[in-house]
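Just so you know, the sequence shown maps onto residues 1 to 161 in this note's numbering.
Check each hint, because a few of them may be wrong.
[What the hints assert, rightly or not] Straight-line alpha carbon distances no greater than 20 Å define the calculated SDA-like cross-link-like pairs of lysine to any residue that follow: (1) Lys81 - Arg97; (2) Lys125 - Tyr63; (3) Lys81 - Gly36; (4) Lys81 - Gln147; (5) Lys81 - Ile136; (6) Lys125 - Gly36; (7) Lys125 - Ile136; (8) Lys125 - Asp33; (9) Lys125 - Lys81.
[Said to hold, decoys possible] Distance windows between CB atoms, simulated: (10) Ala71 - Ala146: 41 to 49 Å; (11) Trp74 - Gly107: 40 to 48 Å; (12) Val90 - Val39: 15 to 23 Å.
Please keep in mind that the hints were generated in silico from the structure rather than gathered at the bench. By construction, the Cβ of each residue, glycine as well, lies at the ideal position given by its N, Cα and C atoms.
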Amino acid sequence: MDTSQLRETLARQLRHSQAQAGLSAALEGFPPDLAGRQVAGHRHTAWQQVEHMRLAAEDLITYCQDSHYEAQTWPDGYWPKSPQPPSAEVWSTSNRRLLDATEQMAGIVEDPNVDLYANVPTAEKEHHHTLRAALILLDHNGYHAAQLIALRQALGIWPAR
1 MDTSQLRETL ARQLRHSQAQ AGLSAALEGF PPDLAGRQVA GHRHTAWQQV
51 EHMRLAAEDL ITYCQDSHYE AQTWPDGYWP KSPQPPSAEV WSTSNRRLLD
101 ATEQMAGIVE DPNVDLYANV PTAEKEHHHT LRAALILLDH NGYHAAQLIA
151 LRQALGIWPA R
């Protein structure tokens with residue numbers, strides 16, 4: 001079976017949302033001084049959302065590639081303890097690393113040497129393969145990007161389009 005169209009579609013969707021504002025748009029221009037602001041009706045701050053996404057994305061890549069992978073403890077290993085980023089630099093770094101991890105997954109699915117349907121090295125269940133991990137990342141990023149956009153709207157910092 002030729003997977004080139006599947007690979008291309010997955011990579012494109014990971015990089016750029018096709019039907020709505022995506023992750024890059026949700027992150028672009030988000031003021032660091034508002035990243036830790038708690039907003040009524042929202043459980044998490046932008047910092048918590050972004051750092052959670054980064055931790056999950058990097059974890060999924062490790063899961064796909066590392067034969068010694070060990071999952072973090074849920075939820076503590078996947079959410080930051082503080083609602084505020086330690087600094088504007090840490091906020092910026094987390095944003096960049098999240099986008100880099102998403103790009104790395106796009107590169108993994110594009111690689112014709114990667115069997116999208118083969119179980120990952122530490123799979124404990126059938127069908128725990130790279131394709132599944134890429135779809136989880138795509139779904140997870142979409143969910144939390146929408147939450148970031150809702151936060152931006154509540155903060156009055158979502159640009160009119």
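Hint check results:
This hinted pair checks out: Lys81 and Arg97 have alpha carbons roughly 18 Å apart, not beyond 20 Å. Restraint check: the Cα-Cα separation between Lys125 and Tyr63 comes to about 13 Å, which is no more than 20 Å; the hinted pair holds. A distance of roughly 12 Å separates the Cα atoms of Lys81 and Gly36; the hinted pair therefore holds under the 20 Å criterion. Taking the CA atoms of Lys81 and Gln147, the gap is near 19 Å; set against the 20 Å cutoff, the hint holds.
For the given pair, Lys81 sits about 23 Å from Ile136 by alpha-carbon distance, which is inconsistent with the 20 Å threshold. Distance check on the hinted pair: Lys125 and Gly36 sit about 38 Å apart at the alpha-carbon level, beyond 20 Å; violated. With a C-alpha separation of about 16 Å, the suggested pair Lys125 and Ile136 falls inside the 20 Å cut-off, and the hint holds. With a CA separation close to 43 Å, the supplied pair Lys125 and Asp33 exceeds the 20 Å bound.
At most 20 Å may separate the alpha-carbon atoms for a hinted pair to count; Lys125 and Lys81 exceed this at roughly 31 Å. As the Cβ distance of Ala71 to Ala146 is approximately 25 Å, the hint placing it in 41 to 49 Å is violated. Between Trp74 and Gly107 the beta carbons are some 27 Å apart, a value that contradicts the proposed interval 40 to 48 Å. At about 20 Å, the beta-carbon gap between Val90 and Val39 stays in the expected band of 15 to 23 Å.
Figure legend: structure checked against the earlier numbered hints; hints not met, in rising order: 5, 6, 8, 9, 10, 11.
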